[in-house]
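For the sequence shown, full-length UniProt numbering begins at 1 and goes up steadily by one.
In short, the hints are calculated from the structure, not lab data.
Please note that the accuracy of each hint is not assured.
What the hints assert, rightly or not - Pairwise CB distance ranges, derived in the manner of DEER restraints:
| no. | residue 1 | residue 2 | range |
| --- | --- | --- | --- |
| 1 | ALA43 | GLU77 | 16 to 26 Å |
| 2 | ILE147 | GLN52 | 29 to 39 Å |
| 3 | ALA39 | PRO144 | 37 to 47 Å |
| 4 | ASN139 | PHE107 | 32 to 42 Å |
| 5 | ARG122 | GLU91 | 16 to 26 Å |
| 6 | ALA40 | ILE147 | 38 to 48 Å |
| 7 | ASP113 | VAL76 | 33 to 43 Å |
| 8 | TRP145 | ASP55 | 35 to 45 Å |
Said to hold, decoys possible - Below, in silico cross-link-like pairs of lysine to any residue (SDA-like), each with a Cα-Cα straight-line distance of 20 Å or less:
| no. | residue 1 | residue 2 |
| --- | --- | --- |
| 9 | LYS75 | VAL85 |
| 10 | LYS101 | GLY117 |
| 11 | LYS101 | THR80 |
| 12 | LYS101 | ILE53 |
| 13 | LYS101 | THR84 |
| 14 | LYS101 | ARG124 |
| 15 | LYS75 | ARG124 |
| 16 | LYS75 | ARG119 |
| 17 | LYS75 | GLU91 |
| 18 | LYS101 | TRP116 |
| 19 | LYS75 | GLU114 |
| 20 | LYS101 | PRO130 |
| 21 | LYS101 | ARG119 |
| 22 | LYS101 | ARG112 |
| 23 | LYS75 | ASP55 |
| 24 | LYS101 | LEU42 |
| 25 | LYS101 | ALA47 |
| 26 | LYS101 | ILE86 |
| 27 | LYS101 | GLU120 |
| 28 | LYS101 | PRO126 |
| 29 | LYS101 | HIS74 |
| 30 | LYS101 | LEU123 |
| 31 | LYS75 | GLU120 |
| 32 | LYS75 | GLN27 |
| 33 | LYS75 | TRP118 |
| 34 | LYS75 | ASN139 |
| 35 | LYS101 | GLY128 |
| 36 | LYS75 | ILE90 |
| 37 | LYS101 | ILE90 |
| 38 | LYS101 | GLU91 |
| 39 | LYS75 | GLU89 |
| 40 | LYS75 | ARG59 |
Model, not experiment: these values are computed from the prediction.
Here a beta-carbon is modelled for each residue, glycine too, at the ideal position from N, C-alpha and C.
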Amino acid sequence: MQPKQRWFGVKARTAPAETVFREQVMQLNQVTVGATDYAASLAFYRALGLRQIVDASPRYARFETPSGETFSIHKVEAVTGDSTVIYFEIEALDERVAALKAAGIRFERGPRDESWGWREARLRDPAGNPLCLFSGGENRRFPPWRIDKKSTPKEIVQ
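All chains, please: the whole structure from these sequences, using the hints.
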């Protein structure tokens, strides 16, 4: 048996790449976006329902979702491009969008059903970063076109 190695918190055996990558333990820690107006972005993400867990004002803040994923903002002079979209999954999408609109949050597009099985609403944060609030149900991880058809939610958990 070959020795186990650890790099940057990722466990792997010394083996061919395809085996190593399958056996790695890797989780997404957080997503960070630029904020041109730190205070406005802080208020915006709090209004979305994220709980602030780190305060390094006036340059950085980190938030947590109810299930533990983290999201952060950092102060930048300008945000460029639209190639990245941040998706937040919400069970009662229509109700949440209505509440956010009542609180003054503007949406580019209200909730609508999409051909890929999700219901989505689109908006931008104060820095112009595009966001999508969505409800995907089982189609979020297990859409009909998933390539590993043998996998089901139950098999993935085991």
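Which numbered hints are broken by the structure, listed smallest first? 4, 10, 11, 12, 13, 16, 17, 18, 19, 29, 31, 32, 33, 34, 36 and 39
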